[in-house]
Structures are given as C-alpha cells and as structure tokens.
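In order, the protein sequences belong to chains P and V. Numbering follows this note's numbering, with no gaps: position 47 of the first sequence is 47. Numbering follows this note's numbering, with no gaps: position 97 of the second sequence is 1097.
Please keep in mind that the hints were generated in silico from the structure rather than gathered at the bench. For glycine and all other residues, C-beta sits at the position ideal for the given N, C-alpha and C. A portion of the hints provided could be inaccurate.
[Claimed, not checked] So, partial list: chain P residues that the calculated Cβ filter (under 7 Å) puts toward chain V:
{"no.": "1", "residue": "Thr52"}
{"no.": "2", "residue": "Arg246"}
{"no.": "3", "residue": "His292"}
{"no.": "4", "residue": "Ser297"}
{"no.": "5", "residue": "Leu300"}
{"no.": "6", "residue": "Val329"}
{"no.": "7", "residue": "Ala423"}
{"no.": "8", "residue": "Pro425"}
There are 2 protein chains.
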Amino acid sequence: MISLLPRTFALLLVFFSVLGPKSVAAADRPNVVIIYADDLGYGDLSCYGHPTIATPRLDRMAQEGQRWTDFYSAASVCTPSRAALLTGRLPIRSGMCAEEPRVLTTQSPTGLPHSEITLAEALKDVGYATMCIGKWHLGRPVDYLPRSQGFDEYFGLPYSNDMGWIRHPEKYPGLDPKADYYAGPLIRDVTVLEPATDQRLLTKRYTAEALDFIRRHKDRPFFLYLAHTMPHVPLFRSEKFAGHSRRGLYGDVVEELDDGAGQILDLLRELHLDRKTLVVFSSDNGPWMIFHEKGGSAGLLCGEKGGTFEGGMREPALFWWPGTIKPGVVRGMGSTMDLFTTCIKLCGAKLPADRQIDGVDLSPALFGTGDSPRDTMFYYRGKKLYAVRHGRYKAHFFTRQAYGKKALTEYEHHPPLLFDLGADPAEKFNVAAQHPDVLAKIETIAAEHKRGVIPVENQLEKGFPPERIPKVKTIQVEH
Amino acid sequence: MISLLPRTFALLLVFFSVLGPKSVAAADRPNVVIIYADDLGYGDLSCYGHPTIATPRLDRMAQEGQRWTDFYSAASVCTPSRAALLTGRLPIRSGMCAEEPRVLTTQSPTGLPHSEITLAEALKDVGYATMCIGKWHLGRPVDYLPRSQGFDEYFGLPYSNDMGWIRHPEKYPGLDPKADYYAGPLIRDVTVLEPATDQRLLTKRYTAEALDFIRRHKDRPFFLYLAHTMPHVPLFRSEKFAGHSRRGLYGDVVEELDDGAGQILDLLRELHLDRKTLVVFSSDNGPWMIFHEKGGSAGLLCGEKGGTFEGGMREPALFWWPGTIKPGVVRGMGSTMDLFTTCIKLCGAKLPADRQIDGVDLSPALFGTGDSPRDTMFYYRGKKLYAVRHGRYKAHFFTRQAYGKKALTEYEHHPPLLFDLGADPAEKFNVAAQHPDVLAKIETIAAEHKRGVIPVENQLEKGFPPERIPKVKTIQVEH
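All chains, full assembly: derive it from the sequences and hints.
Below, the structure is given as structure tokens:
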C-alpha cells in the first residue's frame, strides 16, 4: 500500500489534468461571494471619498483587500449589466440590450437565453452550491428565474423595485391616493412568498438569507450572488437605520448595505472560511441622479446611470480574500465580466469554448503577480457602441444625455472626442487633436470589435410595442 | 530629603498650575509638524477617492490616524488662509484679506502685523524649537519674514511660485523668448540664497530640510511648519518623479509630496518620536481649476480655489499621532484655525486672552473622547462674509464665480441659498424654502459675528493702486 501511494498520486494528477476541467485541487477551490449593489455610484462609499456616507465595514474590507479605481460594469442600466456579469459576455452577444426598453419589463415574455452559460451553471458543474439572493432582472417568467440559470436557490425580487409601482392608487379601495405603492413580489425559488413585500425589510432579509446560506454550506464550496435591491429608487431601509446617516435616506440605505456586508465578512471569519472565500463588492451601474438627493454620486466622474460617460459605468469594486489577495489600491482596468472568467479559473470550472467570452482573468492583479490583463473597455448604449477605452484613453463616437427629453438626441463626433482618463478622469478636456495615432488605434479596435459581434435575437424588445421604440435623432458634430 | 519629596512635588504642581501657562507636563508636550500643501484639492489624494493619483504614504497616514471629511481652511486663497492658520483668527481680524489684491504681492510693503501672535511665537515661548520651511506669503520685507514671527529658522520661497514670473523674456539677453521663467527667490532665514531657484528641486529640498530639522531637535520639543510650494501652478517636480503618476504632471507633483510626507513619518518612527509627535497634513485652499489638467480636483464638491463653495475651502486633512489619536474617519467640522488652539493646549502654551481667537480645541475628536466642538464656519471673500455653515446647513448670502470676467459680478440672494451639506455635499439643491427656521438661525449667527468684527488696518491693500481695485457689481436675486 505504501509503495503504491506515489503512483496513485501521480495517476490522480493525470486524471485531474486530463479529465477535470482545470487542475485546481478541490481543497484549493475558494468559495465565491459577489455582493452587488443597485445604482450605487462611484463616489458613494467612504473609501471612495464620500464625506457623509459612513461605510466602515466596506472601508475595512478595502483595507484588508483591494480597492479598484478603474472597474466597470458592462452596461449603464440593470438588465444588460447583470447579464454581462453572469455570462462574462457583453450584453450585445446575448441579446440583452436595446434602445427601448432598456431593461426587461414586467411584461417581457423571456429573459436571459437558456443557451447562455452563467457563472452559477459553470460552478454548479464542478460541485458548488449556488444561490441567488436579491434582484434578478434577467427574466420574470418562471422558467427564466435563477433556478433555471444554475442557481440551486433563489430569494428576492425578480426585477427593479419600482416596477410593481401602482400608478393610480386612487383606483384601489383602501389605498391613500397620495401615497406611493410599490408592489414588488418577493419570491423564494419559484414561488411568490409575498405579492407586495415590505421593502423596508429587504436589505435585512437578504443579509439574513446570505448568512443562513453560508452557514448551511460551510463544509462544501459555494457561490453566493447577493444582488441587493438597494439603493435603487424607491429607497427603503429597516427601522434600525432610519436616521442613521448624515446623508439622509440614501445614506441610511447605503449604510445598511455596509452593515450587511460586514456581517457576512464577520461570519466568514467566525466559520474560518475567510481564508478560502473570495468576496467581491460592486455595483451594476452609476448613480440615478435624476432623483436628486435620493440618487447617489459618481464622485469626480462625469455622467450618471444610463449614460456612457465614466460615471455611468465605472463602479466601486472591492476584492477580499485574506492571505491570498494582495492588499492595496489597484489602478488597472477590470470589469464585472472578468468576475466570470476569474472565478471559473480559480474554482477549476470550465470556461465555455464555443462562444466569445469578454471577461479576462484578473488573477495576476489580485494576487500581486502582475497587472490586470484588461486593456480595453466597450461602452454600449442599447445595441450601439458609443465609446471605447483603450489604455488610458477613451474615445466617444457618440454622446447623449442619460435621461430626459434631450436623451432622444445623440451627437456623432467627427473626429471622436478623446479623453485621457489618466490625467483627466472627469472627461473635461478633449485631446483628439493632440493624439491622432491613439484615435486611429481606437477606431481600429472598435471596427474589429464590431465585426466580431454576431447578430442574435433581441430579448428586451420581445413583447414591446414597436411603436413605443422612440426615434433617436443623430446630429453630426464636426470638431 | 526623602520626607520632603512629596511636599516638593506638591509645590511643583502648584507652581505649574499657577505660574505655568498650562498644566501640561513638559515630558507630555508633543512635537508638532504641520505639512501644508498649496492648492491641493479636496479630491486629490487617493484616500479621498482620486482614481489616478497614488498617495500610498498619505493613505497609510490616514489609516494609522484620522481622515477628516469636513475640514476647512479659513480662506479660499493663499495669504489669508496662511494668516488664519498661524494666528487662529479669521483673516478679517488681522487685516489680511481684501477684494484686491487677494493675496500679498511682491510689492506689498508689509505682511502679517507684528501685533498678531503666531503659533510659532506661542510655542517658542514655552521652549519649542521652531522652523518654517517653504511658502510663507505673509510678508516679503525682511522684518515680515518668518524669523520675525516666532520661527527660529526659515528656508523657502517668500510668496507664490508664479510671482517672480518674468513676463517678457524677450527683453532679457540669453533667455528663450518662448519659455516661461519663474524667478522665485529661495531664502534661508533672512538671506536670499538663490534669486531664481530651480523649482524642480523645491519639494525635495524642503523635505531634506524638514528631516534635518527633526534630526537636529530630536531631544527637545519642536514645531515644524512645512508649507510646500507645490502643487501651486507652475508645477515642478524632481527628475525622480517625472512620469511617476498616471495623472500626468500634476500627479507627479502630488506623488512627490506624498513621498516627502512618508519620509518624515519614517524618520519620526526611526527616532522613536512617532508616539510624541502630532503630524497634520492639509492644504491652504481648493484646486486652481482654471489651469485645467494642471489644476487639481475638488472631488464631488462644487467650486474651486478663490470661491466660497465647498470646493474652494474644504480640504483634505489627516491627523497622525500613533497611540494617542484614535484612528478613523472624522465627520465633525474642523478648521486650520483650530490647529492654533489645539496645539497651544496640547503643548502647554498660552492662548492669547486679549483678542478674539476663532480656533477651537479639537482634542475631543482627536482623542475619541467626544465630538469636534466646532459647529460654525464663516466663508469670506475678501472682506465680505459670503456664506455661513452651521451644523449641516450652509447659507450663501452671496455667490460669485471664483475667477474670470464673470467674477466681477456677485449675486446677493433673497432669501439666501441654503444647502444641506449632509444630504447634499455638492451644494446642488437649495432647501431654503423648507427650512426657514434654519435660515433665520444662520442669519442671526452671521449678524452677531459681523457685530463682533473690529475694523483693522488692511495690509493687503497697502501700496496697491486704488484705481486697480475693481468695481464689483452686485445683482439682487429673488428666490
């Protein structure tokens, strides 16, 4: 027996390297927790410079781990952003973006196509327990809910929390005609628990579910996707956080998210899982500033949710895995799509080989062995490529207001606007004239990228009255 | 002898409490180092959220100490701001502010009045070695230089680094007519060392002087006021920092300041002085944004250097004193004027009793025993009170562009604009109509404050041609 051990060990190695999807030993596979806020702006955490929102737990997470300065969601609104995170692909590849509707509606007949491979599916394939908690927004029909996309369990609201809004309370007996009513259905797995849940309790209940899931799976690898409903307008927080923040209601809401994240990290420490769990905190898109002080802040960045300036898509991003992740501030580029590729590699799962994957493996930057391999970011508005960042430069081919009446006019720039995001992160000073070479390079990248995008069936436009798709006027601007 | 000791000790206690300025035991008196940047914006450090300026040493200082979110200089331009820091008094009380010139010029015949008591004088009185390094800007005549204001030693430029600008190089033989020449004189004590110093070496040389001063005084209490010339435009950095930052030249300059601050903290640790030295890092006013990417960023704040919106006067502020200062983020209000009062109390010096002092003792907030006692901040433009903050609310009686042609028009608001700096730190949403009580309270505070200001001789206007003082047009705005 003793003499056979080395050979058995060697055979096992061969077995894993040939048949196993990756050579990551099962014991080394980390748990993965992604905490995803909704509409949280780049400048809304204390560790990103907000003066009046106190986020001591996330600040500590940043100190113990990494705080990324140039991390992007793949879209400026909910549905495409979430599709990209879970598939590692730009939303244009899965048909999950459109001019109108910009996100799935309560009437949408489908959702994320079943042909897409989600991170949950990939990790489940290699033995991970998987759960989605919170806002889904990738399909309301029962066969498009998380259970159909690789998640063993689901608990949350299937779409945005303003979508069950009762527009005419005066038509309902017993309702105060002057009040707002949000009838978001709370679902467990595929069953509606509460047709109109009390949103004040959502953050608290999501956190409790997350803690429970972690406790139940402390002895096996797990993937938890905790997609908070907050701080998307309308804003709600539990009684404990009423008046908690100097920032008012918005601050209360963010501080409750901070507290929830802290509870999760505490539990991981308590269960001795901290050194084998990767925890990521980020947000789906920029702040919803049309709601004034009920919306967040993009800090020094220009733009907001819905637009392709930095404020619309650059997000807070914290990575935590004590003992493995090298603490510090990371200024390389990253994207939520990279979470797909990075986690698949780390967890020994299989990267889909039959389709274009836009995510890259961020491991070198996370472990301090090298730079982030991401050098390019594409900024879409609906199905149209508006801007491209390559290295420190970003070219805007089109610009447009995020919301409001003016949002039906887009400006096509000749030559494109060019900003040096290193020297000018706020996108104030057009340097196109000084860098024709950079512009030419980015134009080539954009053209190549567009050639590589295979047309697919659009999911958002399904069931949407074509006559309600607005005409957008394009104005040519010569510079 | 033995039996006499307790009595001697008791007598000594009586002696110190009656005759000594304060009952702080000599051994407990901390050294004080104030590092003061020039025109550094609220958003320009990595720990205040800047994405592309890397300030790892100041970030660590913030982590080991306190990072204040609501800390103010007492003016939005150099001279009055520095007068306030060193006297603990609003510049209006010392005659160190004016509509024009806004700062002392190279032609000004005086400077900070000798009747003012500076922090250096107060600390020197109780045995501190004192040194000023860097930009002075409180008087160019020899009897107004730092040596006449309580500093044992001086090394630096007497005013801003753009003030020796040679406007017409074509008139000088040997000078490139297309180049910029800045002829800032470098002074040691009262002697001009170099009539036109190489500004690329200033930060490096200032830091070296600071390290030398600390080494020379390691065995006795010292006060070092290190007022960097940078990042005031024109920007210069040493060869080592050329191309150091993603943020370009401005970033290079700030990263060299960061490096210098780190060297000072390292030396304090090496000499075992870290646990008996209070180090403060701040800036004199907001970023000079008229210089585009050569100017800094106020982060999410509105406004810039020269104006009374938050970006003009709210500053980064770090406090470091390992073992004594309670680490964390402090959201109470503070001001550079408070450094005067706080240091005088901590160092057992004497607080002037014959004049109005505007500084308060921040010790409760620094030591974690209570909140900052500061609840009000006055925002002057020249000699005119433009705005008042009380608690979380700020009322603007007047607003005005910081620079440019439009800066000759001021707007007088009826009622004043009111911003809730807690919920709305970017001063976007006027809430005057919702809070008439708050407005009335602030108007009372402003009126009382103005009654308490004793007219004094103005120092800035001396020698300035009255015909060059521009007429400002006031436009009444009804809301």
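(request) List in ascending order the numbers of the hints, as given earlier, that are violated by the structure. (result) none
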